[in-house]
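*Asks:* Generate coordinates for the entire structure from the input sequences, incorporating the hints supplied.
Counting from 1, position 200 in the sequence shown corresponds to residue 200 in full-length UniProt numbering; the numbering is continuous, with no gaps.
To be clear, the hints were calculated from the coordinates, so they are not data collected in a lab. Don't take every hint at face value.
Capping the alpha-carbon separation at 27 angstroms, the derived lysine-lysine pairs in BS3-like fashion look like this [to be verified]: (1) Lys-132 <-> Lys-30; (2) Lys-132 <-> Lys-55; (3) Lys-132 <-> Lys-34.
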Amino acid sequence: MANQVDGSHEKSFKLQSFHKFVRSNPKSDKFKVKRFHHIEFWCGDASNTSLLFSKGLGMPTVAKSDHSTGNLVHASYVLRSGDLRFLFTAPYTQSSSPTASIPTFNYESHSSFMSTHGFGVRAIALEVDDAKSAYATSVAAGARPSSPPILLEDGHTLLAEVHLFGDVVLRLVSHAHTSICNNFLPKFTQVHGSGTEFGFNSLDHAA
1 MANQVDGSHE KSFKLQSFHK FVRSNPKSDK FKVKRFHHIE FWCGDASNTS LLFSKGLGMP
61 TVAKSDHSTG NLVHASYVLR SGDLRFLFTA PYTQSSSPTA SIPTFNYESH SSFMSTHGFG
121 VRAIALEVDD AKSAYATSVA AGARPSSPPI LLEDGHTLLA EVHLFGDVVL RLVSHAHTSI
181 CNNFLPKFTQ VHGSGTEFGF NSLDHAA
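*Replies:* This is how it looks when you write it as C-alpha cells:
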C-alpha cells in the first residue's frame, strides 16, 4: 500500500481482468431493440426522388404502396441494400381514405413539414420486441406521444410513434411472429428491383 502525503494509507485495490469487468450504464436501453427497421424521407415527388437515390446509392426498389396498389392517400417506395431500408413518401391529395399503408401519415403534417424543412427525414424506425410496451416505456420516461400503437391490417404488426426531435418521430415497429413481412409492411407490394448494389449493409447510427 502507498502512503498519502498526510501519512494515511490508501485503500487497497485489485485490478480486474477483462473477463470480470462489468460496466454499469444508467442510460442502458429500457426496451429491446432488434435493429433499424427503416428511415422515412418526406418529399414532394416520391417516385422521382426514390429513383435518384436508388441510382446514386445502389439501392434497388423492393416494395411500393401507391395508386397501383390501391393507396389513394400517398405514394411510398422502399429502397433496400442489405439490411438498410429507405422509405420515400409523398401525398397525392388531401384525403381521409383508409387506404394509406402508413396509418400515421397526415396530409397537413406533411405540408407543414415540407414548408418548414423541404425534403428531409420524417421518421427513424426501430424494430422492437413489442411496440406497445416500448411506446408505454418511452412515454413513461418522458417521451411526447405522436401516435399510440396501431395494429396493422395483417393482424400481426404493431406500429407506434413518439416525438424524437424537431419534426422527426421515432417509429416503433414489432411483428408478432418471427417471420418478418416480406413486403416491408402490410399494404406494400413487393417489387423485383434491378440494378447494381454498392454494398451498403446496415445503418450504424442516425444523427
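*Asks:* Checking one constraint from the list: CA of Lys-132 to CA of Lys-55, max 27 angstroms. Satisfied?
*Replies:* violated (37 angstroms)
*Asks:* Are the Cα atoms of Lys-132 and Lys-30 separated by 27 angstroms or less?
*Replies:* Distance of about 13 angstroms is within 27 angstroms: holds.
*Asks:* Checking one constraint from the list: CA of Lys-132 to CA of Lys-34, max 27 angstroms. Satisfied?
*Replies:* Holds - the C-alpha atoms of Lys-34 and Lys-132 are around 15 angstroms apart, at most 27 angstroms.
Hint violations for this structure: number 2 only, all remaining hints satisfied.
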